[in-house]
Amino acid sequence: MAADVHLWAMDQYGESTAVQKKVLIIDDSPAQVKLMQSLLEKEGYWPVGLSDPKQVENTIAIERPNVILLDVVMPDRNGFQICRDLKGNAEFNMIPVILVTSKDTASDKYWGQQQGADGYVTKPFTREELLRAVRRFA
Amino acid sequence: MRHANVVILTDETEFARLLTACWQAERQAPNITVLNSDSWREQDAPTHDLVVVGPVRDGKITSVLRSLDPATAVILCVPADSQEFGQLRTKYPRLVHIPLREDWAQTLLLVAGESLRRAKALQTARQAERNAARNENHATLGRYMLDMKHSVNNALTSMLGNAELLPLEPGQLSSQSLAQIKTMHSMALRINEVMQRFSSLASEMQDAETASQGETADTAAPLSRRR
Chain A
0 MAADVHLWAM DQYGESTAVQ KKVLIIDDSP AQVKLMQSLL EKEGYWPVGL SDPKQVENTI
60 AIERPNVILL DVVMPDRNGF QICRDLKGNA EFNMIPVILV TSKDTASDKY WGQQQGADGY
120 VTKPFTREEL LRAVRRFA
Chain B
302 MRHANVVILT DETEFARLLT ACWQAERQAP NITVLNSDSW REQDAPTHDL VVVGPVRDGK
362 ITSVLRSLDP ATAVILCVPA DSQEFGQLRT KYPRLVHIPL REDWAQTLLL VAGESLRRAK
422 ALQTARQAER NAARNENHAT LGRYMLDMKH SVNNALTSML GNAELLPLEP GQLSSQSLAQ
482 IKTMHSMALR INEVMQRFSS LASEMQDAET ASQGETADTA APLSRRR
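Each protein sequence line maps, in turn, to chains A and B.
With my numbering, the residue at position 4 of the first sequence is 3, and numbering never jumps.
Going from the second sequence to my numbering is simple: count from 1 and add 301.
Don't read these hints as lab results, they were simulated from the structure.
One should not assume that every hint holds.
Here are the simulated distance ranges between beta carbons [what the hints assert, rightly or not]: (1) B/L479 <-> A/V18: 31 to 37 angstroms; (2) A/D51 <-> B/L479: 32 to 38 angstroms; (3) B/T441 <-> A/Q54: 32 to 38 angstroms; (4) A/N88 <-> B/T441: 36 to 42 angstroms; (5) A/N57 <-> B/S452: 27 to 33 angstroms; (6) A/D51 <-> B/S452: 17 to 23 angstroms; (7) A/Q54 <-> B/L479: 34 to 40 angstroms; (8) B/E494 <-> A/D51: 31 to 37 angstroms; (9) B/A480 <-> A/P74: 38 to 44 angstroms; (10) A/D75 <-> B/S452: 15 to 21 angstroms; (11) A/P74 <-> B/L423: 44 to 50 angstroms.
All values reported here derive from a predicted model rather than from experimental measurement.
For every residue, glycine included, the Cβ atom is placed at its ideal position computed from N, Cα and C.
Build the full structure now, drawing on both the sequences and the hints.
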């Protein structure tokens, strides 16, 4: 399988260190959150799950993640909107955002990039594809 | 007008000869079939866009007109008085009467030209309606497939991810269970391939819809320019 993984802006965030890195997973599906948490835990990351897209800023302010995995199709507030808001927020705009979504057309990826996303992983992804995207930033 | 079909229905050979000659002298002549009232039966007649009824034997006009589909464009070119034409017009709304006067042939060609353009415009409109109905069906199917694709991809993510996670638990599963998980993983990958093909199909359907809309626009454009 070849799920698309696009990474647009890794250099500004520098290399990862041996310290356990926190990854915020935002997805309205608890099953997806749990899956990504399990995959990341096995690799030594510290995953934090969030299924309510309205609580993103609050959660980031509390958790201070090193990287964010963000679903796109969500009720109330989609991932593109969230990404745009985060990149326009001086407090949060340095946190890398990787969109993890089943939207896989070229226009979706272009639009994601336009919102300031740093990476794009299409569902369904393999474990290695997800980890490769996260490792670039944390 | 080149592909339009016209039936000239008359019992006067000279009428048919003169009208055919006038038409053929035009830059664009329709396909012309000449029939007399004895051989006329509309269901047996060649496909036509217009029927020109010229002089026929006494008592034949009514039977000829009665045999025509009311939707058929008809030009009646006979020396009928206006009262008789008024009655016929009530019954056949698409009937146009041209009295057999000195300039009847030129008048008939002008009226026939407009009538054939109208027939062509109607044909184009019907084709556009059929295309629109077909495109609507395609669009519905495409939207459904896109909605389903999102749900299926999410489900596949869980299936593939968990199938990859389970074997990472050392000593938790028997070799048979591991083999079964591997099979599930392979099958999930196969479903993913099928979904990729559906995506291509949805894209092809969108291209076909765009092409069809373009064809309709191209067909309609010359008509609008003529007006």
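> CB of A/D51 to CB of B/L479, is that within 32 to 38 angstroms?
Replying inline: 36 angstroms, holds
>> Assuming the hint says 27 to 33 angstroms, is it satisfied by the Cβ distance from A/N57 to B/S452 or not?
In response: Holds - the Cβ-Cβ distance for A/N57 and B/S452, about 29 angstroms, lies within 27 to 33 angstroms.
>> I want to verify a distance hint. Is the separation of the beta carbons of B/E494 and A/D51 within 31 to 37 angstroms?
In response: Holds - the Cβ-Cβ distance for B/E494 and A/D51, about 34 angstroms, lies within 31 to 37 angstroms.
> How does the Cβ-Cβ distance of A/D75 and B/S452 compare with 15 to 21 angstroms: does it lie in that range?
Replying inline: 19 angstroms, holds
>> Just to be sure I understand the hint, the distance between the Cβ atoms of A/N88 and B/T441 should be within 36 to 42 angstroms; is that true here?
In response: 40 angstroms, holds
>> Given the hint of 32 to 38 angstroms, is the C-beta distance from B/T441 to A/Q54 inside that range or not?
In response: Holds, since B/T441 and A/Q54 (Cβ atoms, about 36 angstroms apart) stay within the stated range.
> Is 31 to 37 angstroms a correct range for the gap between the Cβ atoms of B/L479 and A/V18?
Replying inline: 34 angstroms, holds
>> Can you tell me whether the CB distance of A/P74 to B/L423 sits inside 44 to 50 angstroms?
In response: Holds, since A/P74 and B/L423 (Cβ atoms, about 48 angstroms apart) stay within the stated range.
> Regarding A/D51 and B/S452, is the given constraint of 17 to 23 angstroms on their beta-carbon distance met?
Replying inline: Cβ of A/D51 to Cβ of B/S452: about 20 angstroms, so the range 17 to 23 angstroms holds.
>> If I claimed the Cβ atoms of B/A480 and A/P74 lie 38 to 44 angstroms apart, would that claim hold in this structure?
In response: 39 angstroms, holds
> Is it true that the C-beta distance of A/Q54 to B/L479 lies inside 34 to 40 angstroms, as the hint says?
Replying inline: Holds, at about 39 angstroms.
Checked against the numbered hints given earlier, this structure breaks none of them.
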